[in-house]
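2 protein chains.
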Amino acid sequence: MKQIRIGLVGAGVVGSGLLQLLEKNKHIVQNRNNLDIQLTAVATRTPKRAQPLTSLPITSDVLSVTKRSDVDIVVELIGGTTTAYDVVLSALKNKKSVITANKALLSEKGEELFRIAKENGVELGYEAAVAGSIPIIRTLRDGLASCEFEVICGILNGTTNFILSQMESENWDYSTALKKAQELGFAEADPTFDVEGIDAAHKISLLSSLAFQEKVSFSDLQVEGISKLQSVDISASKNLGYRIKLLGISKRSSAGILTKVHPTLVPLNHPLANVMKESNAVFYKTVEAGTGMITGKGAGGLPTASAVLSDLIYYSSRFGVAGSIPENNIFPKSKKSPEKENEARYYLRFSTLDKPGVLAEIAAILGKNGISIASVQQKESEKEPVNVIVVTHSAKEGNFETSISEIDQMSSIIKEKTVAIRLLENL
Amino acid sequence: MKQIRIGLVGAGVVGSGLLQLLEKNKHIVQNRNNLDIQLTAVATRTPKRAQPLTSLPITSDVLSVTKRSDVDIVVELIGGTTTAYDVVLSALKNKKSVITANKALLSEKGEELFRIAKENGVELGYEAAVAGSIPIIRTLRDGLASCEFEVICGILNGTTNFILSQMESENWDYSTALKKAQELGFAEADPTFDVEGIDAAHKISLLSSLAFQEKVSFSDLQVEGISKLQSVDISASKNLGYRIKLLGISKRSSAGILTKVHPTLVPLNHPLANVMKESNAVFYKTVEAGTGMITGKGAGGLPTASAVLSDLIYYSSRFGVAGSIPENNIFPKSKKSPEKENEARYYLRFSTLDKPGVLAEIAAILGKNGISIASVQQKESEKEPVNVIVVTHSAKEGNFETSISEIDQMSSIIKEKTVAIRLLENL
Numbered sequence: 001m002k003q004i005r006i007g008l009v010g011a012g013v014v015g016s017g018l019l020q021l022l023e024k025n026k027h028i029v030q031n032r033n034n035l036d037i038q039l040t041a042v043a044t045r046t047p048k049r050a051q052p053l054t055s056l057p058i059t060s061d062v063l064s065v066t067k068r069s070d071v072d073i074v075v076e077l078i079g080g081t082t083t084a085y086d087v088v089l090s091a092l093k094n095k096k097s098v099i100t101a102n103k104a105l106l107s108e109k110g111e112e113l114f115r116i117a118k119e120n121g122v123e124l125g126y127e128a129a130v131a132g133s134i135p136i137i138r139t140l141r142d143g144l145a146s147c148e149f150e151v152i153c154g155i156l157n158g159t160t161n162f163i164l165s166q167m168e169s170e171n172w173d174y175s176t177a178l179k180k181a182q183e184l185g186f187a188e189a190d191p192t193f194d195v196e197g198i199d200a201a202h203k204i205s206l207l208s209s210l211a212f213q214e215k216v217s218f219s220d221l222q223v224e225g226i227s228k229l230q231s232v233d234i235s236a237s238k239n240l241g242y243r244i245k246l247l248g249i250s251k252r253s254s255a256g257i258l259t260k261v262h263p264t265l266v267p268l269n270h271p272l273a274n275v276m277k278e279s280n281a282v283f284y285k286t287v288e289a290g291t292g293m294i295t296g297k298g299a300g301g302l303p304t305a306s307a308v309l310s311d312l313i314y315y316s317s318r319f320g321v322a323g324s325i326p327e328n329n330i331f332p333k334s335k336k337s338p339e340k341e342n343e344a345r346y347y348l349r350f351s352t353l354d355k356p357g358v359l360a361e362i363a364a365i366l367g368k369n370g371i372s373i374a375s376v377q378q379k380e381s382e383k384e385p386v387n388v389i390v391v392t393h394s395a396k397e398g399n400f401e402t403s404i405s406e407i408d409q410m411s412s413i414i415k416e417k418t419v420a421i422r423l424l425e426n427l
Numbered sequence: 001m002k003q004i005r006i007g008l009v010g011a012g013v014v015g016s017g018l019l020q021l022l023e024k025n026k027h028i029v030q031n032r033n034n035l036d037i038q039l040t041a042v043a044t045r046t047p048k049r050a051q052p053l054t055s056l057p058i059t060s061d062v063l064s065v066t067k068r069s070d071v072d073i074v075v076e077l078i079g080g081t082t083t084a085y086d087v088v089l090s091a092l093k094n095k096k097s098v099i100t101a102n103k104a105l106l107s108e109k110g111e112e113l114f115r116i117a118k119e120n121g122v123e124l125g126y127e128a129a130v131a132g133s134i135p136i137i138r139t140l141r142d143g144l145a146s147c148e149f150e151v152i153c154g155i156l157n158g159t160t161n162f163i164l165s166q167m168e169s170e171n172w173d174y175s176t177a178l179k180k181a182q183e184l185g186f187a188e189a190d191p192t193f194d195v196e197g198i199d200a201a202h203k204i205s206l207l208s209s210l211a212f213q214e215k216v217s218f219s220d221l222q223v224e225g226i227s228k229l230q231s232v233d234i235s236a237s238k239n240l241g242y243r244i245k246l247l248g249i250s251k252r253s254s255a256g257i258l259t260k261v262h263p264t265l266v267p268l269n270h271p272l273a274n275v276m277k278e279s280n281a282v283f284y285k286t287v288e289a290g291t292g293m294i295t296g297k298g299a300g301g302l303p304t305a306s307a308v309l310s311d312l313i314y315y316s317s318r319f320g321v322a323g324s325i326p327e328n329n330i331f332p333k334s335k336k337s338p339e340k341e342n343e344a345r346y347y348l349r350f351s352t353l354d355k356p357g358v359l360a361e362i363a364a365i366l367g368k369n370g371i372s373i374a375s376v377q378q379k380e381s382e383k384e385p386v387n388v389i390v391v392t393h394s395a396k397e398g399n400f401e402t403s404i405s406e407i408d409q410m411s412s413i414i415k416e417k418t419v420a421i422r423l424l425e426n427l
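Protein sequence lines, in the order shown, are assigned to chains C and G.
If you're matching positions, the first sequence starts at 1 in UniProt numbering and goes up one per residue.
If you're matching positions, the second sequence starts at 1 in UniProt numbering and goes up one per residue.
Here chain C stands alone, though its shape is the one from the complex (with noise of 0.2 Å):
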C-alpha cells in the first residue's frame, strides 16, 4: 500500500471536517484506493477545535509544516490571502505539493503559484475551492477533458442562493433573508464577500480559465450581487415564469470570452432553476456533449473536506510518479468579449410616479434605442411608486445602459433608479 504523509494547516470548520474524515473514511481511502495517508503535522492559530481530533502535537507555527521531511503534501485550510499565500508558497518551493480550498487565494495570486509549482515539479489541487462537494474540477479536467467548451455557468454561493430561495419561499424582504441565513451560520456577519457576488467570481474565474484553457482575470470580471433585489422583483419574475438565481457565467463566441457574475431570470423548466437552498451547481454546454449540469452541496464542514480528501486522494494515487503528465494551470490570457456589446434580454422594473403618458415615454425611449418589448406588467396600486414590468426581446447591453441611464434622469415620471436583471441566455 502506497504511503502518504500530508501536514494540515488550518483547523477551521473544514480542517475540522477533514481530521474526522481522515479517522472515519482510513478504511474506505486503504480499501478503495490501495492508498494509506497519514497526518504527521498540524497547524492552527485556534488548537480548540482540533485538539479532540488528533493526538499529534499542534503547533501554531504554519510555516514549519511546510519545512518538514516528513510531509509529502500541504493542505492549506487557512483561508484568506495573507498567511494562507505565505503557506502555499512556502510549500511549493519546499517540493511539495498543495491542496486547496482557498479561490480567493487562487483567483488572485493562482498564476503566480501555479507557476511556482509547475517550476517545483509539484502539483497544486483545487477541487473544493469551487463549489464544495461537487467535483467540478475533475469533471472538466478529466471527466470532459475531450470537449470544447462554449459556456460554463453556476450557481457557485450558496450563502446567496439560500438567501434567495428564502426570499421566494417565505416572501421574505432581503435582509430578514440575510439575518436569517446569518442566524443559520450560512452568511457571515460581514456578508459583502458573497452577498454582492465576489466570492461566485473567484470562482467562475477559475472555472472559466480551466474549461476555456485561457487565463480570465478577475479584474476583467462584471460583478453584480444581490442586495438590490427586492421581493417584488422575486415574485413578479416567478408570475412571469422564472426564477432569479445569482449566477457565474462564462463564454466564448468569436469575439472572446465574457465572464460575469449578476442575478439571473432563469426560466423554471431550466435546470439551474430547480437547485435551491444553500445547494451549488454548475452548468456545461459544449460542442460534443452538449449540454450537462452538476449538482451537490456547496458548502458545510464534512461536504468541503470530503472533496479536500477526494483531492488529496487523487493527487496521492495518481501524481508524482514518472511518466505521468503534470497538469496544466498556467493559460494564456483571455481576450475579453466586449460586454456592451453583448445581446442580452433584460427584466426592467421601473419606478414610477401615477400619472398619465409614463408608459408612452419608457416605451418610446426603449424603442429609440432599438429595444423592443416582449411583454409589460403594471399592476393597480395605491401608491406611489408604481411598478412598470417591461421583459424585452434581445439587444446590445449598451442599448440598455443608454436607455435605462436616459429612463432614470426622467424626474418627472421615474421615482426610484431602475431595477434591471438579464435573463437567461439560450443554453
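Please note that a few of the clues may not be correct.
Same chains, same names: a pair is fine if it fits in one copy or spans any two.
To be verified - Simulated pairs of lysine-lysine, DSS-like, Cα-Cα distance not exceeding 25 Å: (1) K215 x K24; (2) K24 x K335; (3) K95 x K417; (4) K24 x K285; (5) K26 x K335; (6) K48 x K67; (7) K26 x K333; (8) K333 x K24; (9) K118 x K2; (10) K238 x K93; (11) K93 x K118; (12) K26 x K285; (13) K118 x K26; (14) K180 x K48; (15) K26 x K215; (16) K2 x K95; (17) K109 x K336; (18) K228 x K109; (19) K238 x K383.
The set of hints was computed from the structure by calculation and includes no laboratory data.
Only a predicted model underlies this, so the values are computations on that prediction, with no experimental measurement involved.
Based on these hints, arrange chain G on the given structure of chain C.
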C-alpha cells in the same frame, strides 16, 4: 509531448464519432493535456462509414489490431458480447490497455476481464459504457473518492426516458411513443433490451459495484421495464404530483445491497423528475457530501465518443507509469438485501368491475396485509374497467406481492391485472 498510439475496433455510430473527434479535437488534446494521440490501426466489418474519416487502411480482421506492436491502447466499440469479448481479451493478454463503451460485455464478463487486465498490469476503462457523455465513472472513482455511498440511482437509458417523456407531453400510448422513438433512431427495431430495463440493469450493476466496492451481479438484479405502462398511469401520476421514470437504483443497508431497475413515481420537485427526453442522470447520496446529481446527454455518436476520448486522455496521461496505483475493479461479491423485506410505497391501479363494494374489498385486503392507504382516486367512468388508483404508505414489498396476487384472483371485482409502481424512496 507524450505520444500514445491507439487501435480502433468498430466504426459504427460511436466509432465514427471518435474518428471525427480525433481529428477535430487534436489541438484540444495536445494543448490541454500535452498529449498526442495517434490512430495507428482501424478494424471494422463495415468499412464504409470509416473510410471517409481516415487515411489508414481498414482491416476487417478485428483481432489483428490487438496484437500490433504499434498500438498502445485498444478502443473496442463493436458492442455485443461475442467478438467484442475476443477483442478485449486478446488486447489485455497482449498487455494493451482497453477503452470500451460496452456495458453488456462488462456486466456479463467484467469479473474475468478486470482480473485479466490486473494480471497483465493494464487498465480497462469504461467511462463511455454508462450514461454516455456524463463522466459518472470518473465522478465515482475520483471526484467522490473519499465518500461513503448510501444510494446511487439514475435514469440510465435514453430510449425509455424519451418514450416516457413523449407519452406525457404528447399524451401518447406506449406503442405510439415507441414507434416514434424508432423512427427518430432512439430505439432499435427490437427494443427489448432498452424497454425491458436490461440495458439500465447492466449500467446500474456497474455503477453500484464501483460505488459500494462490492460486486453486484447482474443476475441478482430485479428488473422491470416500461412496456406495460399505460398513458393513464402517466397522467394519473402527474395529477398526484409525480412523474414516472425508469430508474436503476442501488442502496446499501445493514441487510446488504439492493439493486433494482423499475419504473418509479418521482416527485415533481425531485431533480430526477426534470430530466427529460433522451437525457440521462445519476443521483447519489453519500454520508459526507449529502446528495448530488450529474446529468447530460446519455447517448448519441459524438457525446459517447467524447466520453471515449476523455477516457483515452485520462489513461494516456496518468496510467501505465511507474508509481501510480492501478484502478481497482475487482470487488468481493455483495450480500443481497432481501427484496421482500424492503420497505416501499406504491402506486396501485386496480382495474375493477363497476359494482358496489369493490373499494371495500380492496381496502380490506390491503389492510389485512398491513398496507395503509395514503390516497385514493376513482373517477366516474362510463365503461369498464373502472380505474381505482391507490397510493399507499410504506410497507414491506412482500406484503404488496401477497395483496396484489390475492386481489387479482378476485374475478368478481377485478377485470385486468393490477398495475403496481413503486414511489421513489425518500432521498
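Hint check:
{"no.": "1", "hint": "K215 x K24", "verdict": "between (38 Å within a copy, 23 Å between copies)"}
{"no.": "2", "hint": "K24 x K335", "verdict": "between (46 Å within a copy, 23 Å between copies)"}
{"no.": "3", "hint": "K95 x K417", "verdict": "neither (54 Å within a copy, 70 Å between copies)"}
{"no.": "4", "hint": "K24 x K285", "verdict": "between (37 Å within a copy, 17 Å between copies)"}
{"no.": "5", "hint": "K26 x K335", "verdict": "between (45 Å within a copy, 22 Å between copies)"}
{"no.": "6", "hint": "K48 x K67", "verdict": "within (24 Å within a copy, 61 Å between copies)"}
{"no.": "7", "hint": "K26 x K333", "verdict": "between (41 Å within a copy, 22 Å between copies)"}
{"no.": "8", "hint": "K333 x K24", "verdict": "between (43 Å within a copy, 24 Å between copies)"}
{"no.": "9", "hint": "K118 x K2", "verdict": "both (24 Å within a copy, 17 Å between copies)"}
{"no.": "10", "hint": "K238 x K93", "verdict": "neither (52 Å within a copy, 60 Å between copies)"}
{"no.": "11", "hint": "K93 x K118", "verdict": "within (10 Å within a copy, 37 Å between copies)"}
{"no.": "12", "hint": "K26 x K285", "verdict": "between (37 Å within a copy, 19 Å between copies)"}
{"no.": "13", "hint": "K118 x K26", "verdict": "between (30 Å within a copy, 24 Å between copies)"}
{"no.": "14", "hint": "K180 x K48", "verdict": "neither (28 Å within a copy, 65 Å between copies)"}
{"no.": "15", "hint": "K26 x K215", "verdict": "between (37 Å within a copy, 21 Å between copies)"}
{"no.": "16", "hint": "K2 x K95", "verdict": "both (19 Å within a copy, 23 Å between copies)"}
{"no.": "17", "hint": "K109 x K336", "verdict": "within (20 Å within a copy, 51 Å between copies)"}
{"no.": "18", "hint": "K228 x K109", "verdict": "neither (30 Å within a copy, 59 Å between copies)"}
{"no.": "19", "hint": "K238 x K383", "verdict": "within (23 Å within a copy, 42 Å between copies)"}
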